[in-house]
Structure formats: structure tokens, C-alpha cells
Amino acid sequence: MNTNNQPGLKRPFQVMYWRPKKISRTWLWCSMFVSLAGMAAVEHWPKRTTSSDQETLLAAATDAQSSMQFIAEMQSERGHRVLSALDPQASHLIGPSMSMVTSKIGSLSSKQTSINPNFAAVVVRWLIDAGVKPGDRVAIGASGSWPALNIAVYSAIKAMDLRPTVILSAGSSQYGANSPDMMWVDMERELHSAGLTSIKAGAASLGGLHDRAAGMTPATRQLLLSAIERNSVELIESPTLAESIDQRMQRYDVQSNDNTYSAYINVGGSSASIGGTLGQEFYLPGVRSVGPENAGSLASVPDCVATRMLAKNVPVIHVGNAQKVAEQFGFPIAPAVMPSVGDGLVYAKTAHRMPLVASVMVLITFAMSWIVLPGWPIRILRRIRPTSTPQDLCPASIPAKLEWMA
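Just so we're aligned, residue 1 is where the sequence shown starts under the numbering used here, counting upward by one.
No lab work stands behind these hints, which were simulated from the structure alone.
Note that the structure is predicted; figures quoted are calculated from it, not measured.
Not one of these hints is a red herring.
Cut-off 30 angstroms, straight-line C-alpha distance, at most; resulting in silico cross-link-like pairs (DSS-like, lysine-lysine):
| no. | residue 1 | residue 2 |
| --- | --- | --- |
| 1 | Lys312 | Lys324 |
| 2 | Lys312 | Lys158 |
| 3 | Lys133 | Lys200 |
| 4 | Lys200 | Lys312 |
| 5 | Lys324 | Lys200 |
| 6 | Lys133 | Lys312 |
| 7 | Lys133 | Lys158 |
| 8 | Lys324 | Lys133 |
| 9 | Lys349 | Lys133 |
| 10 | Lys324 | Lys158 |
| 11 | Lys104 | Lys324 |
| 12 | Lys349 | Lys158 |
| 13 | Lys200 | Lys104 |
| 14 | Lys200 | Lys158 |
| 15 | Lys349 | Lys324 |
Beta-carbon label-pair distances, calculated as ranges:
| no. | residue 1 | residue 2 | range |
| --- | --- | --- | --- |
| 16 | Ser256 | Ser300 | 22 to 30 angstroms |
| 17 | Val290 | Val34 | 42 to 50 angstroms |
| 18 | Ala214 | Met74 | 28 to 36 angstroms |
| 19 | Ser232 | Gln328 | 32 to 40 angstroms |
| 20 | Glu237 | Lys133 | 30 to 38 angstroms |
| 21 | Met354 | Ser232 | 53 to 61 angstroms |
Ideal Cβ placement from N, Cα and C applies to all residues, glycine included.
Using the sequences provided together with the hints, build the complete structure.
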């Protein structure tokens, strides 16, 4: 039975509203646009102030720039050539699309974006956000997939005067440190020999599938083993991924000297360090701490060093997905020239402009008050100057008519 046209019956979604007849629809629309424009101005025109940690941030970025330039000059002097299509900066931190030691696919654009010394400042910012203080001990799990981000982490550690324990994965994805003659373990040794870093890995695994180069040829495994051996790094070799994780945790515990780690820093997507692709869906770039909002979801994350550290209430800092991080901090995507130290939003804190906020609130309050009680501004003016406001400009405050809006 259709009751829509019967008098006295209301449809459940009908609402009754009223508005003074002397307030035009144009005024209502203008009020709405003014309110939206005011809120947009507040959000998109913030006040930027210099960070209180500016000196540390700049020190880390400057050190990263020096390390990146050293690698580029060293490789160039040795006659190593680059393809401008892959490495427009000629940084020598972009490897080939495929090599004998390439473990999986990688994003060229993201690897190019990572060659930016200001990522070191981002790592410092994350360390500070995680509560890490100068002199604290931190654990690091890195791979050869992101040599530029490894440099950023090492520079951040140096700038904050931290005590690191480093375990590496020798393998690399595409466009990383995947040249058999210059892998990350080699770059680390060169940086250490040049006095640009005091960090030296305590152990390294083969990396790749199951952290033991599963599925790779014997020749590839030999190249990975040779790289670890020639750099005098202790080998982590185990038949299963779980045992590899166990060995890593044992080494971290031994190196901690009974001190609690203030943070665990992961670089890349190692299955042993962060749980591979599934783990990276949980550990987004930045700081992850245990809290009521994610304690339950921790059980769904693959077993890895990061998960075990988090279970011990050690904050996890995931350094990866350079393109997403660059968008967050205003860095250029795949720059053809190395960005200058000090560029990016990481060096400034943003806050709302309070005078602008107050002005917008007053404006919105006035507009809404005029709509609800259209006569009040005129009545106030009449009290101040009784003869200045004509009587016919003061409408009744109570509407005479009601309208139905379906």
C-alpha cells in the first residue's frame, strides 16, 4: 500500500528544516564556500619552524653525502662504467637489472630516489621519535638491496653516536649492490678503510629465498660466499629460515653485553630480518612500536627478527620504500642530480598558524550566527547607533514558515 501521498504521514527519511526567508540561498552557498576555503587555508598554509635537532639532522645528511661521493669517485677511478639510463647521477649505487647475485626484482625508480643524503636525516628523525638517545645500543639488519639507504642508516648512527650491532644479507635485489665485484659488504669495507664509518658488520647470511640463497645456482652461492669471506665477515648458514632467525637473535644477544637495544633498524626486505613481502605490509616505513592498536595483529606477521624484537618491546624502524618516504618528506622522485643537504620537510616542524585559525573561526561563527539568528548583528548595531539602522532591516528571529525537505 502506497502511503507516500497520504496527508499526515511522513516518510522516515524526511527532515524538517527552516531558514529565514531574508537569507538567500546565495548567502548560504557563500557561507559554505568561505568555511571550506578557511579550513583549506589552515591545513595547507602551515607555519614551518626549524627543528630543534637541526644540527644532528644536517650532520647525518652531510656525512651521507660524503660517503656517497666517495663510492662514486672510487668506482669511477677504477674504471667502472654506469648506464645513464639506470644511474643518471653516476652514483655507482645503482646496480644492473640482472646479475649472478641478484636475488629478486626491484624498483628502479625507488632505488634512484634513495640516492639522496637527506634520507640520513629522516633516519635520525625516526630514531628520535622512537626514543633513542645518544650512546644507546641499536641492532641493525640490512641487505645489499639498498646501498644508499644503508649509507643513510650508518650516517645517522654516527651523527647520534650510537652503538650498533649489524648483521647483513649479502644478496641484493635488482638495481642494488648486485655487482659481484662490488657488493654491499665490499662497500662497507671501503667506507670503513677510508675512515668514513666505524661500523663493521658482525655477521652476514647469503640472503635471498629463505635467507640461504635457496634456488640459486652453485656458482651464485659461491660468489656470495666469496664476498663474505674476502671481507672477513662471519657467515650465518643454516638449513632453515627459522634457524637463521635464531642465529641472528643469538648474535644480537651476545653483542648487546646485557644492554637492552633501544631500537631495531631494518633496511630492505630480508625474510629473516623483516619477514619478506608480508612483513613489509605490516612494518611500513618509519617507527613501529607495540601498542594496544597492533598487539593483536602481531601474531599474523611472519616470524622474523623484527617481530621478535617487537615482542620484547624494542621499537622497529623500517627503512625502505624510498619513493613513499620521499613523497612524505618532500624529496624529489628519481632525481637526475643529487639533492642538496638540507632540502626536504624533515628539517622543519609544521604547526597551524594560530592567528589564521582564530580568524577563520570568527568568520565561520559570524556566518553561522547570521544564518541561525539573522537579526542579531543589526540589533547590536542599533544598540550602539540607534539611528544608523533602518527598522525594516531587522527581520524576525523566529521564522514564519517551515519547509519539508525529502
